[in-house]
Amino acid sequence: MSAPPNIAKKIIQWSLPIHYLEMVEGDLEEAFNDDLELLGERQAKMNYWGNALGLTRKFAFKNKHHHNNFQPNPFDMFKNYVKIAFRTLSKNLGYTGINVLGLAVGLACCFLITLYVKYEMSYEHFHANKNEIYRLIPRGSKEGNITMQVWTPPGLSPFLKDQFQEVVHSTRYTEMSNPLMQWNNKTLPDKNLALADAAFFEMFSFDLVGGNKSTVLDKPNAVLVSESIAQQFFDGKNPIGEVVRFDDMIDLEITGVFQDLPGNTHMEFDYIVSFPTIAAVYVQYGFTKEQALNNFNSWNYATFLQFKPNQDIKALEASMSAAFTKRLGREWKEGDLTDWLQPLLEIHFTQGIRGDYKVSKKEYVFIFSAVAAFILLIACFNFMNLSTARAMKRAREVGMRKVLGAVKSNLVFQFLGEAIVVASLAIVTAFLFFEMARPLFYHILGTDISFSYVDNFGFVIGLVGAGLLTGLLAGSYPAFYLSSFQPVEVLKSQTQGRGNATFRKVLTVLQFSIAIFMIVGTVSVYKQMHFMKNTDLGYNQEQVFHFDCPGPLRDKFSFFKQTLENHTDIEAVTISNGVPGNMYSHWSYKLENDGQKISTNINTLIMDYDFPKVFKLELVDGRWLSPDYGSDSTQGYLVNETAVKTLLLSNPIGTPIQSGASKSMGKIVGVVKDFHYKPMHHTVEPLVMRLDMNEVGRVAIRVGGANTSQTMAVIENEFKEIAPSYPFNFTFMDQGFDQMYKAESQTGTLLSVFSGLAIFVASLGLLGLVSFMAEQKKKEIGVRKVLGASVQNIVMMMSKDFMVLLCISLLISIPVSYFVINQWLEQFAYKTVIGFWVYALSGAITFLIAFGTIGFQSLKAASVNPTTTLRGE
Amino acid sequence: MKRERIGELEELVLLVVVYLEEEAYGNAIQEALIREADRNIKLSAIHSTLYRLEEKGMLTACFGDATQKRGGKRKKIFSITPAGSKALRTVKEIRNQLWLKIDSLNLQL
Numbered sequence: 001m002s003a004p005p006n007i008a009k010k011i012i013q014w015s016l017p018i019h020y021l022e023m024v025e026g027d028l029e030e031a032f033n034d035d036l037e038l039l040g041e042r043q044a045k046m047n048y049w050g051n052a053l054g055l056t057r058k059f060a061f062k063n064k065h066h067h068n069n070f071q072p073n074p075f076d077m078f079k080n081y082v083k084i085a086f087r088t089l090s091k092n093l094g095y096t097g098i099n100v101l102g103l104a105v106g107l108a109c110c111f112l113i114t115l116y117v118k119y120e121m122s123y124e125h126f127h128a129n130k131n132e133i134y135r136l137i138p139r140g141s142k143e144g145n146i147t148m149q150v151w152t153p154p155g156l157s158p159f160l161k162d163q164f165q166e167v168v169h170s171t172r173y174t175e176m177s178n179p180l181m182q183w184n185n186k187t188l189p190d191k192n193l194a195l196a197d198a199a200f201f202e203m204f205s206f207d208l209v210g211g212n213k214s215t216v217l218d219k220p221n222a223v224l225v226s227e228s229i230a231q232q233f234f235d236g237k238n239p240i241g242e243v244v245r246f247d248d249m250i251d252l253e254i255t256g257v258f259q260d261l262p263g264n265t266h267m268e269f270d271y272i273v274s275f276p277t278i279a280a281v282y283v284q285y286g287f288t289k290e291q292a293l294n295n296f297n298s299w300n301y302a303t304f305l306q307f308k309p310n311q312d313i314k315a316l317e318a319s320m321s322a323a324f325t326k327r328l329g330r331e332w333k334e335g336d337l338t339d340w341l342q343p344l345l346e347i348h349f350t351q352g353i354r355g356d357y358k359v360s361k362k363e364y365v366f367i368f369s370a371v372a373a374f375i376l377l378i379a380c381f382n383f384m385n386l387s388t389a390r391a392m393k394r395a396r397e398v399g400m401r402k403v404l405g406a407v408k409s410n411l412v413f414q415f416l417g418e419a420i421v422v423a424s425l426a427i428v429t430a431f432l433f434f435e436m437a438r439p440l441f442y443h444i445l446g447t448d449i450s451f452s453y454v455d456n457f458g459f460v461i462g463l464v465g466a467g468l469l470t471g472l473l474a475g476s477y478p479a480f481y482l483s484s485f486q487p488v489e490v491l492k493s494q495t496q497g498r499g500n501a502t503f504r505k506v507l508t509v510l511q512f513s514i515a516i517f518m519i520v521g522t523v524s525v526y527k528q529m530h531f532m533k534n535t536d537l538g539y540n541q542e543q544v545f546h547f548d549c550p551g552p553l554r555d556k557f558s559f560f561k562q563t564l565e566n567h568t569d570i571e572a573v574t575i576s577n578g579v580p581g582n583m584y585s586h587w588s589y590k591l592e593n594d595g596q597k598i599s600t601n602i603n604t605l606i607m608d609y610d611f612p613k614v615f616k617l618e619l620v621d622g623r624w625l626s627p628d629y630g631s632d633s634t635q636g637y638l639v640n641e642t643a644v645k646t647l648l649l650s651n652p653i654g655t656p657i658q659s660g661a662s663k664s665m666g667k668i669v670g671v672v673k674d675f676h677y678k679p680m681h682h683t684v685e686p687l688v689m690r691l692d693m694n695e696v697g698r699v700a701i702r703v704g705g706a707n708t709s710q711t712m713a714v715i716e717n718e719f720k721e722i723a724p725s726y727p728f729n730f731t732f733m734d735q736g737f738d739q740m741y742k743a744e745s746q747t748g749t750l751l752s753v754f755s756g757l758a759i760f761v762a763s764l765g766l767l768g769l770v771s772f773m774a775e776q777k778k779k780e781i782g783v784r785k786v787l788g789a790s791v792q793n794i795v796m797m798m799s800k801d802f803m804v805l806l807c808i809s810l811l812i813s814i815p816v817s818y819f820v821i822n823q824w825l826e827q828f829a830y831k832t833v834i835g836f837w838v839y840a841l842s843g844a845i846t847f848l849i850a851f852g853t854i855g856f857q858s859l860k861a862a863s864v865n866p867t868t869t870l871r872g873e
Numbered sequence: 874m875k876r877e878r879i880g881e882l883e884e885l886v887l888l889v890v891v892y893l894e895e896e897a898y899g900n901a902i903q904e905a906l907i908r909e910a911d912r913n914i915k916l917s918a919i920h921s922t923l924y925r926l927e928e929k930g931m932l933t934a935c936f937g938d939a940t941q942k943r944g945g946k947r948k949k950i951f952s953i954t955p956a957g958s959k960a961l962r963t964v965k966e967i968r969n970q971l972w973l974k975i976d977s978l979n980l981q982l
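If you're matching them up, the sequences are chains G and D in order.
Residue numbers for the first sequence follow the numbering used here, so the first one is 1 and each next one is one higher.
Residue numbers for the second sequence follow the numbering used here, so the first one is 874 and each next one is one higher.
One thing to keep in mind: the hints can contain errors.
As the list claims (entries may be wrong) - Simulated restraints, written as ranges between beta carbons of each label pair:
| id | chain 1 | residue 1 | chain 2 | residue 2 | range |
| --- | --- | --- | --- | --- | --- |
| 1 | D | N969 | G | W14 | 42 to 48 Å |
| 2 | G | E41 | D | N969 | 45 to 51 Å |
| 3 | G | E397 | D | I967 | 54 to 60 Å |
| 4 | D | R912 | G | E41 | 46 to 52 Å |
| 5 | G | S90 | D | P955 | 43 to 49 Å |
Said to hold, decoys possible - Taking lysine to any residue and the SDA-like style, the derived pairs with C-alpha atoms no more than 20 Å apart in a straight line are:
| id | chain 1 | residue 1 | chain 2 | residue 2 |
| --- | --- | --- | --- | --- |
| 6 | D | K946 | G | N6 |
| 7 | D | K942 | G | R42 |
| 8 | D | K946 | G | I11 |
| 9 | D | K942 | G | D734 |
| 10 | D | K915 | G | L38 |
| 11 | D | K946 | G | Q13 |
| 12 | D | K915 | G | I11 |
| 13 | G | K58 | D | L882 |
| 14 | D | K965 | G | L36 |
| 15 | D | K915 | G | A322 |
| 16 | D | K942 | G | W49 |
| 17 | G | K58 | D | E884 |
| 18 | D | K915 | G | G54 |
| 19 | G | K45 | D | G945 |
| 20 | D | K915 | G | E489 |
| 21 | D | K942 | G | G40 |
| 22 | D | K915 | G | W824 |
| 23 | D | K942 | G | L38 |
| 24 | D | K915 | G | E22 |
| 25 | G | K58 | D | I879 |
| 26 | G | K9 | D | Q941 |
| 27 | D | K959 | G | G54 |
| 28 | D | K946 | G | L21 |
| 29 | D | K942 | G | A3 |
| 30 | G | K9 | D | G880 |
| 31 | D | K915 | G | G40 |
| 32 | G | K45 | D | K946 |
| 33 | D | K915 | G | L21 |
| 34 | G | K10 | D | G945 |
| 35 | D | K942 | G | L36 |
| 36 | D | K929 | G | P17 |
| 37 | G | K58 | D | G880 |
| 38 | G | K9 | D | K946 |
| 39 | G | K58 | D | R925 |
No lab work stands behind these hints: they were computed from the structure.
Quick reminder that beta carbons are idealized off the backbone N, C-alpha and C, glycines included.
Just need the whole structure built from these sequences, with the hints factored in.
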């Protein structure tokens with residue numbers, strides 16, 4: 001006997017609502033059998049197919065679940081999830097608060113740091129030619145160390161442009177601080193002034209408000225001013241075409257106005273002058289114009305090159321170095337250390353190039369990113385811990401839902417939904433924190449990052465997305481954990497289980513390991529700072545300040561000095577080529593030691609007689625330079641102890657020495673005790689000190705007496721008398737000293753804030769866990785008290801477990817932090833010792849906070865009268 | 874409750890269900906329609922109509938006996954609900970009134 005076609009039957013089964021299926025199948029089969037008798041098998045099958053397809057077509061757009069009365073409506077279900085979520089959250093305000101607060105703090109830290117990292121990474125990225133621009137960094141090798149510097153001679157840029165057809169544009173570039181700019185006898189602000197060649201605005205994407213990019217800098221004596229200066233200081237006139245006077249010496253014509261520079265570039269200037277202008281300055285000293293602009297002797301300028309796209313930079317590096325070296329008249333061998341074509345984009349994060357000031361350390365970007373991630377991680381762990389710890393509370397609900405037909409995926413969805421609700425609350429709170437902390441954070445960092453929600457809409461969406469993702473990640477473990485309960489188990493058993501305790505312990509240990517690690521880091525950074533500030537620097541920086549010596553003052557310096565020294569509260573006045581902490585001058589010397597001739601480059605301090613007096617240097621051998629010995633001014637030299645050691649001078653006093661610049665041979669007359677003339681990152685290197693009034697430019701003054709501000713007024717008065725139009729910008733040595741260690745002190749401050757937050761969030765979690773435990777053990781505590789346990793016993797019982805966890809955390813974090821901190825300290829030549837007490841202190845802080853949290857909660861639990869808890873039994 | 878309208882096939886099916894009484898299941902309805910209304914109508918069309926009427930609340934159903942011929946599947950016996958009767962009456966009334974109007978005007982058809 002033939003049967004209806006199977007495939008058609010299957011199609012019906014797939015496409016029809018379940019409760020309709022039986023009837024349809026039956027009817028069709030009956031019809032099939034009738035047809036079979038009347039019309040034959042072929043026609044019967046055809047009819048069956050026709051009906052099957054007709055039904056499929058008619059029912060195709062009807063959802064078969066929709067008509068199944070046993071399936072819940074997903075939208076109603078979703079409403080129910082949200083309702084339950086809000087009920088659960090509002091019923092447990094404490095836990096909700098801990099979760100929301102913790103996540104919000106973590107997210108806010110992430111937001112802040114992301115903004116900072118984004119800013120740091122954006123340096124120089126706005127230049128259209130960012131991938132084609134390189135800076136030529138001369139490299140040298142000294143005692144195995146590679147030295148790099150920004151400065152190149154002025155002849156290099158035109159030379160390379162001429163010799164290499166790969167170069168599209170090139171420019172020399174340098175910045176001057178505190179220039180004297182005057183217009184209509186009015187002094188303009190002493191913002192940085194840059195010098196650059198005609199191609200500058202073609203290479204770099206600084207937009208012009210007025211003027212033509214390709215021609216603004218192509219003539220001598222052309223200057224451009226920034227938009228803010230153009231608007232504020234020209235009495236509403238269009239500044240283009242106006243004449244400003246530079247250094248009371250040269251007239252410059254304004255050829256254009258550029259938009260104020262953004263913060264995320266290493267360049268910083270409000271005036272930019274065409275490079276050939278400096279020829280006029282040098283001509284005054286008797287140089288020819290050609291010498292001034294194309295010499296290979298005065299290494300004072302950076303050289304930027306823009307290449308044609310897709311060049312082999314390594315090959316160019318080699319051929320350019322060779323050409324440069326040969327041009328300098330030196331020999332070039334294959335395999336010699338080449339100069340470096342530094343990509344523009346790498347300038348911001350490259351350390352150790354002399355002459356670069358506004359650079360960052362990439363490691364700090366990493367450190368802060370890690371810190372943000374840590375705090376967020378701790379907050380996520382809180383979320384997981386509290387959700388799973390309290391799982392048993394919701395076990396009934398899970399069981400009930402499963403009995404009523406919920407499948408695991410429904411429940412996962414529900415709990416993830418709750419996590420999302422918590423995350424959303426946290427995101428809103430995080431934005432609140434973010435807004436409050438932003439000014440403070442950037443104040444500490446010393447950067448001014450402009451931020452508007454409109455401009456950064458995508459970024460804000462990204463942050464919200466990241467927050468939701470965090471919620472999902474933190475919520476996924478509890479979601480899968482909770483939804484895997486067996487309804488039979490949870491509905492049958494009356495005892496409240498403890499959930500997955502081991503997993504929670506692991507997370508708690510991790511949280512506190514991170515927190516302890518961060519505290520150790522903070523303490524270490526502070527200790528190193530303290531060490532640097534309190535190490536004997538070898539000089540005395542209290543009550544000393546210094547300032548740039550303008551031209552007119554230099555001409556009348558001895559008069560100025562004389563006048564001030566007559567003042568009772570001014571102890572000493574000196575002029576030199578740099579002050580400790582900011583001295584970078586290498587000179588070549590020839591020495592004779594035991595009949596042996598040595599020729600070497602040595603750090604050099606050029607000064608007048610009173611420098612040792614101002615900085616209270618100490619002499620270990622010989623005598624100071626003094627006007628009493630007439631020959632000292634050209635032939636007297638001082639060296640430091642390290643120079644004696646390094647150069648193996650057996651009998652330093654009297655050793656013949658000759659500066660490369662001077663003609664006559666001099667001799668060493670004294671040995672100075674080592675002092676830290678460079679920041680503590682560097683070891684003290686050999687130093688030569690000599691007199692030469694032509695090479696100095698920085699005045700340093702030691703003041704005494706109580707009324708410093710009055711004394712300062714006197715000095716300013718004298719200064720203005722001689723150089724009335726110049727600004728009097730001075731720096732106190734100790735301020736400058738703080739500036740020197742700015743990176744470290746910023747890291748210190750931020751680390752302490754962030755580690756405080758980390759331990760705060762971790763303690764929040766602990767608080768949640770302990771109070772939950774106290775609630776669970778309510779009856780146990782009651783029974784124990786009835787049986788005679790004291791409050792201390794119970795507090796001990798409650799804290800014991802957590803204290804064990806803390807000890808484990810301590811054991812984990814000590815070796816890790818030891819390793820990391822030592823890595824960090826490597827950068828300092830003089831480093832503090834991170835002794836046992838640092839770890840002890842960090843551990844103690846953590847224990848104290850943790851014990852405070854636990855103790856308070858368990859004390860509360862332990863002091864409850866047993867009759868209240870046991871009444872129901 | 875919103876007023877449900879019924880189409881011509883639905884009207885016929887409802888009438889047939891009333892007329893067939895205890896025997897009102899898919900195949901019988903089809904047969905009756907072919908016989909009485911001279912309509913060559915497919916079983917699938919009957920089924921979707923029955924489904925639609927059940928959705929509209931005009932038909933209700935219970936399961937009848939299963940036979941070998943049906944592959945062991947039960948019959949689904951339909952019967953009319955008050956809503957169904959009301960819909961049928963409404964249709965009839967409208968038609969009657971229209972016919973009366975046409976007749977009273979002595980219009981030629």
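To see whether the hints hold, each was checked on the structure:
Taken as a hint, the range 42 to 48 Å holds for the pair N969(D) and W14(G), whose Cβ atoms sit roughly 45 Å apart. The given range of 45 to 51 Å is respected by E41(G) and N969(D), whose C-beta atoms sit roughly 48 Å from each other. Distance hint check for E397(G) and I967(D): the Cβ-Cβ separation is about 55 Å, which falls inside the suggested range of 54 to 60 Å. In this structure the supplied range 46 to 52 Å is violated for R912(D) paired with E41(G), their Cβ-Cβ distance being about 26 Å.
Between S90(G) and P955(D) the C-beta distance comes to about 47 Å, which sits within the given range of 43 to 49 Å. Proximity of K946(D) to N6(G) is assessed by CA-CA distance (about 16 Å); at most 20 Å being required, the pair is judged to hold. Restraint check: the Cα-Cα separation between K942(D) and R42(G) comes to about 18 Å, which is no more than 20 Å; the hinted pair holds. At most 20 Å may separate the alpha-carbon atoms for a hinted pair to count; K946(D) and I11(G) meet this at roughly 17 Å.
Distance restraint check for K942(D) and D734(G): the Cα-Cα separation of roughly 106 Å exceeds the 20 Å cut-off, and the hinted pair is therefore not satisfied. The suggested pairing of K915(D) with L38(G) holds, with an alpha-carbon distance near 16 Å, which does not exceed 20 Å. For the given pair, K946(D) sits about 14 Å from Q13(G) by alpha-carbon distance, which is consistent with the 20 Å threshold. Of the supplied pair hints, the one linking K915(D) and I11(G) holds, its CA atoms being roughly 18 Å apart against a limit of 20 Å.
Note on K58(G) and L882(D): the hinted pairing holds, with a Cα-Cα distance of about 15 Å set against a maximum of 20 Å. A C-alpha spacing of about 39 Å is found between K965(D) and L36(G), which places the hinted pair above 20 Å, so the restraint is violated. A threshold of 20 Å between alpha carbons decides the hint, and for K915(D) with A322(G) the separation of about 95 Å lies outside it, so the pair is violated. A threshold of 20 Å between alpha carbons decides the hint, and for K942(D) with W49(G) the separation of about 18 Å falls inside it, so the pair holds.
A threshold of 20 Å between alpha carbons decides the hint, and for K58(G) with E884(D) the separation of about 19 Å falls inside it, so the pair holds. Between K915(D) and G54(G) the CA atoms are separated by roughly 9 Å; this keeps the pair inside 20 Å, and the hint holds. Note on K45(G) and G945(D): the hinted pairing holds, with a Cα-Cα distance of about 19 Å set against a maximum of 20 Å. For a cut-off of 20 Å, the pair hint linking K915(D) to E489(G) is broken: about 54 Å separates their Cα positions.
Of the pairs offered as hints, the one joining K942(D) and G40(G) holds, with about 16 Å between alpha carbons and a cut-off of 20 Å not exceeded. Annotation: proposed proximity of K915(D) to W824(G) is violated, straight-line Cα distance about 86 Å (limit 20 Å). In summary, the hint linking K942(D) to L38(G) is supported, as the alpha carbons are separated by about 15 Å, within the 20 Å threshold. Of the supplied pair hints, the one linking K915(D) and E22(G) holds, its CA atoms being roughly 18 Å apart against a limit of 20 Å.
In summary, the hint linking K58(G) to I879(D) is supported, as the alpha carbons are separated by about 17 Å, within the 20 Å threshold. For a cut-off of 20 Å, the pair hint linking K9(G) to Q941(D) stands: about 17 Å separates their Cα positions. Pair hint K959(D) plus G54(G) does not hold up; C-alpha atoms about 30 Å apart against a cutoff of 20 Å. Annotation: proposed proximity of K946(D) to L21(G) holds, straight-line Cα distance about 10 Å (limit 20 Å).
For the proposed pair K942(D) and A3(G), the alpha carbon gap of about 11 Å is at most 20 Å, so the pair holds. Distance check on the hinted pair: K9(G) and G880(D) sit about 29 Å apart at the alpha-carbon level, beyond 20 Å; violated. Taken as a hint, the K915(D) and G40(G) pair is honoured in the structure, with Cα atoms around 18 Å apart against an allowance of 20 Å. Pair hint K45(G) plus K946(D) holds up; C-alpha atoms about 19 Å apart against a cutoff of 20 Å.
Taking the CA atoms of K915(D) and L21(G), the gap is near 17 Å; set against the 20 Å cutoff, the hint holds. Restraint check: the Cα-Cα separation between K10(G) and G945(D) comes to about 17 Å, which is no more than 20 Å; the hinted pair holds. With a C-alpha separation of about 11 Å, the suggested pair K942(D) and L36(G) falls inside the 20 Å cut-off, and the hint holds. At roughly 16 Å between alpha-carbon atoms, K929(D) and P17(G) fall within 20 Å of each other, so this suggested pair holds.
A hinted pair counts as satisfied when its Cα atoms are at most 20 Å apart, and K58(G) with G880(D) qualifies at roughly 16 Å. Between K9(G) and K946(D) the alpha-carbon distance is near 13 Å, which keeps this suggested pair within the 20 Å criterion. Of the supplied pair hints, the one linking K58(G) and R925(D) holds, its CA atoms being roughly 11 Å apart against a limit of 20 Å.
Checked against the numbered hints given earlier, this structure breaks hints 4, 9, 14, 15, 20, 22, 27 and 30; the rest are met.
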